[in-house]
Amino acid sequence: MTTPTPASTEPADPRLAGTFSLLAPDGTPRRPELLPLGPEVLRLYRQMRRARLFDDRALVLQRQGRLGVYPLFGGMEATQVGAVLALDTARDWLAPTYRGTGCALAYGLPMHKVILSWRAHPDGFRMDPQQRLLPFYVPIGNQLPHAAGIALAERRRAEREGHDASVVLAFVGDGGTSEGDFHVGLNFAGVYRAPAVFVIENNGWAISTPTSRQTAAATLASRGEGYGMPAVRVDGNDLLAVHHVTAEAVARARAGEGPTLIECVTYRVMPHTSSDDPARYRDEAEGELWRTVLAPARRLRAYLDRAGLWDDEQEQALAAEVEQELRDALVQADAAPGLEPWQILDHVYAEPTPDLLEQQAELRALYPQRGAGQ
Amino acid sequence: MSAATRPAEPAATRTLTLVQAVQDALAVALEQDERVMVFGEDVGMGGVFRATDGLQARFGEGRVFDTPLSEAGIVGMGIGLALAGERPVAELQFAGFLYPALEQMAVQLGRYRHRSQGRYTVPMVIRAPYGGGIHSPELHSESPEGLVAALPGLKVAIPSTPADAKGLLLAAIEDPDPVVLFESIKLYRSVRGEVPSGRHIVPLGQARVARPGQHCTVLCYGGMVEVCLAAAEAASAAGVEAEVIDLRSLVPLDLATIGESVERTGRVVIVHEAARRMGFGAELAALIAERHLTSLHAPIVRVAGWDAPYPPFTSEEALYRPDARRVALAVRQVMQY
Ligand SMILES: Cc1ncc(C[n+]2csc(CCOP(=O)(O)OP(=O)(O)O)c2C)c(N)n1
Chain A
1 MTTPTPASTE PADPRLAGTF SLLAPDGTPR RPELLPLGPE VLRLYRQMRR ARLFDDRALV
61 LQRQGRLGVY PLFGGMEATQ VGAVLALDTA RDWLAPTYRG TGCALAYGLP MHKVILSWRA
121 HPDGFRMDPQ QRLLPFYVPI GNQLPHAAGI ALAERRRAER EGHDASVVLA FVGDGGTSEG
181 DFHVGLNFAG VYRAPAVFVI ENNGWAISTP TSRQTAAATL ASRGEGYGMP AVRVDGNDLL
241 AVHHVTAEAV ARARAGEGPT LIECVTYRVM PHTSSDDPAR YRDEAEGELW RTVLAPARRL
301 RAYLDRAGLW DDEQEQALAA EVEQELRDAL VQADAAPGLE PWQILDHVYA EPTPDLLEQQ
361 AELRALYPQR GAGQ
Chain B
1 MSAATRPAEP AATRTLTLVQ AVQDALAVAL EQDERVMVFG EDVGMGGVFR ATDGLQARFG
61 EGRVFDTPLS EAGIVGMGIG LALAGERPVA ELQFAGFLYP ALEQMAVQLG RYRHRSQGRY
121 TVPMVIRAPY GGGIHSPELH SESPEGLVAA LPGLKVAIPS TPADAKGLLL AAIEDPDPVV
181 LFESIKLYRS VRGEVPSGRH IVPLGQARVA RPGQHCTVLC YGGMVEVCLA AAEAASAAGV
241 EAEVIDLRSL VPLDLATIGE SVERTGRVVI VHEAARRMGF GAELAALIAE RHLTSLHAPI
301 VRVAGWDAPY PPFTSEEALY RPDARRVALA VRQVMQY
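Here the protein sequences line up with chains A and B, keeping their order. The first sequence begins at 1 in full-length UniProt numbering and counts up one residue at a time. The second sequence begins at 1 in full-length UniProt numbering and counts up one residue at a time.
Derived by calculation from the structure, the hints in this document are not laboratory data. The model shown is predicted, which means the values in this text are computed figures rather than measured ones. Note that beta-carbon positions come from the ideal geometry of N, C-alpha and C, so glycine has one too. Hints may be right or wrong, so weigh each one.
Label-pair restraints from in silico Cβ distances [said to hold, decoys possible]:
{"no.": "1", "chain 1": "B", "residue 1": "287", "chain 2": "A", "residue 2": "129", "range": "43 to 49 angstroms"}
{"no.": "2", "chain 1": "A", "residue 1": "130", "chain 2": "B", "residue 2": "103", "range": "35 to 41 angstroms"}
{"no.": "3", "chain 1": "A", "residue 1": "279", "chain 2": "B", "residue 2": "120", "range": "40 to 46 angstroms"}
{"no.": "4", "chain 1": "B", "residue 1": "255", "chain 2": "A", "residue 2": "369", "range": "37 to 43 angstroms"}
{"no.": "5", "chain 1": "B", "residue 1": "287", "chain 2": "A", "residue 2": "279", "range": "47 to 53 angstroms"}
{"no.": "6", "chain 1": "A", "residue 1": "357", "chain 2": "B", "residue 2": "260", "range": "35 to 41 angstroms"}
Turn these sequences into a full structure, and let the hints guide you.
Put into structure tokens, the structure is as follows:
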């Protein structure tokens with residue numbers, strides 16, 4: 001299993017003590033032998049920048065009334081994108097939290113669907129049948145037992161069909177580790193050696209509650225031992241480190257060696273959601289280091305620049321490309337038809353019950369004018 | 001000190017929003033009884049709705065504090081605190097997130113007194129913001145009051161005015177039994193009213209006639225009261241005087257006030273936000289039918305959420321949540337007989 005970064009390197013923030021990392025905050029390689037090669041690094045970097053550019057714009061769109069309540073992930077993009085890109089999205093499952101917009105983008109959910117999701121439009125929630133992306137989980141922790149169940153099913157299928165297993169990647173916040181479902185999910189996955197990978201996005205805060213109020217233990221990774229699974233604590237702002245550790249865990253899971261717990265130590269530099277004001281509960285100077293020196297893009301940019309793999313021009317081209325993608329996505333999202341009122345009663349059952357058909361007729365009578373394009 | 005021996009407070013009042021009235025009640029309770037503890041997710045900084053604003057600064061972290069993110073833990077620990085003599089007042093951040101605590105509520109909270117034949121009691125209060133109307137995301141607009149009211153041993157109250165929010169909460173804290181208070185998210189800031197200062201009690205189990213009328217009875221609570229009052233206003237313009245009764249407390253239920261009104265009007269409309277099937281309205285309709293069948297001139301009509309989950313598509317909540325027009329149509333319907 002991956003070992004932590006040598007203790008000789010003084011962490012920039014005490015929270016990072018004992019975490020695994022591949023690049024120092026200034027971009028200096030810590031474990032050159034483990035660094036991926038050029039094109040792969042660029043793929044990771046581009047996806048991470050794309051996710052963050054989306055997040056920055058999402059807040060603007062929310063302020064303009066073009067998105068509903070939006071949970072920002074800015075500052076955590078290395079954790080979300082680095083972990084998700086370790087999946088084979090053609091076969092592996094992803095269970096994100098409600099803060100998992102960066103996860104969904106990296107997994108391949110088209111941008112207009114992401115926008116529709118945060119507009120609370122039903123088309124945003126309508127997944128393509130081949131997608132193994134579960135809806136953004138709003139109730140904290142519910143995804144973990146599901147991940148164990150899906151992973152068990154995948155293990156059984158793999159055994160039946162004689163191949164290696166599809167893997168489930170499930171996220172949870174540091175706050176979410178306090179819910180009973182965290183225990184239930186990890187315990188079940190451990191007992192059944194399910195091909196699941198659990199990522200704790202330890203971003204320091206659960207709304208106004210700091211991690212120190214969620215656990216008396218020194219680390220959240222230490223819980224892995226209690227569930228009989230290996231656990232790694234990783235610098236969550238180090239894209240390559242998160243990716244490396246998750247890829248290892250996914251490979252283990254696929255090979256039938258069971259689940260892994262990964263604690264990504266990162267920071268929520270943004271408000272909890274677009275309607276939150278963090279100044280009410282935390283000293284904003286606290287996040288300064290994470291917003292600047294430890295920012296995920298900064299260290300990778302420094303590394304890429306030095307390796308001659310990237311420059312300002314390419315950065316600008318990437319920003320323009322993402323901007324165009326966003327513009328197209330907005331046009332497509334705006335074109336999505338409105339609901340017919342009675343559709344709020346669709347999909348309750350496979351076949352609507354007689355009672356629901358009656359209620360749909362009632363809705364038709366009540367709102368004859370509404371519907372497409374409202 | 002029992003409620004009866006406590007000195008009466010001066011009757012001064014202040015104009016407060018509903019959420020400010022809740023905060024006022026908590027401050028009074030913390031002030032008057034050192035056993036009272038206020039806790040939940042994020043309550044230290046005031047909670048997402050600011051209901052506990054300023055309380056931690058005033059009463060200290062020992063009595064007003066954040067818990068780990070676990071509703072089962074919040075209610076379960078509260079039960080333990082209450083068993084050992086404290087007066088826990090727990091906040092569930094949104095009623096839609098009380099489900100993880102439902103096991104503790106169903107299996108323990110309401111049963112201790114009965115199971116131990118009075119040896120152990122759980123004088124605990126749970127506050128939960130409920131209902132829709134502010135375009136919140138999925139599960140932030142749930143109305144699980146029927147589910148909770150179905151659990152024997154629990155009391156359930158739902159205020160619709162700032163004065164009632166304070167009075168019912170203080171009554172709940174002084175009550176010897178576990179009480180769950182659902183507070184309408186929509187009403188938190190949209191209503192203001194005169195609230196008596198100091199210790200103000202609204203006894204559990206007393207309904208309020210929010211608008212008198214002689215032609216039909218509209219039964220409602222919480223976030224639906226203002227909707228029903230608007231519908232009654234509209235009906236009045238058409239010559240129908242609807243009596244709007246704000247139940248205030250579902251358990252215990254004020255059967256006397258309901259019965260008096262139904263006997264007089266003979267026509268009943270019941271309104272709530274929760275889905276209609278198995279909603280609290282079903283219980284009300286059954287009770288009224290059992291007791292007042294011969295006085296009824298029309299079938300009892302329910303206006304409620306549809307039998308589907310509250311839509312996660314927030315733009316569509318206006319279709320789901322009963323509005324004044326739907327209530328007015330129901331009034332017209334019962335008047336046709
Ligand atoms: C079961 C449940 N309880 C409460 C909430 C309300 N809530 C939404 S986010 C949140 C904090 C989550 O913190 P954490 O798990 O650390 O994730 P983060 O927001 O930091 O990504 C809370 C309490 C909820 N969504 N679900």
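Is the hinted range of 37 to 43 angstroms satisfied by the C-beta distance from residue 255 of chain B to residue 369 of chain A?
For residue 255 of chain B and residue 369 of chain A the Cβ distance comes to about 42 angstroms; the hint holds.
Please test the hint of 35 to 41 angstroms on the beta carbon pair from residue 130 of chain A and residue 103 of chain B.
holds, 37 angstroms
When you take the CB atoms of residue 287 of chain B and residue 129 of chain A, is the distance between them in 43 to 49 angstroms?
holds, 47 angstroms
35 to 41 angstroms as the expected CB spacing between residue 260 of chain B and residue 357 of chain A, which holds or is violated:
Since residue 357 of chain A and residue 260 of chain B have Cβ atoms about 38 angstroms apart, the given range 35 to 41 angstroms holds.
For residue 279 of chain A and residue 120 of chain B, compare the CB-CB distance with the range 40 to 46 angstroms and indicate the outcome.
holds, 44 angstroms
Cβ distance range 47 to 53 angstroms for residue 287 of chain B and residue 279 of chain A, holds or violated
holds, 50 angstroms
Hint violations for this structure: none, all hints satisfied.
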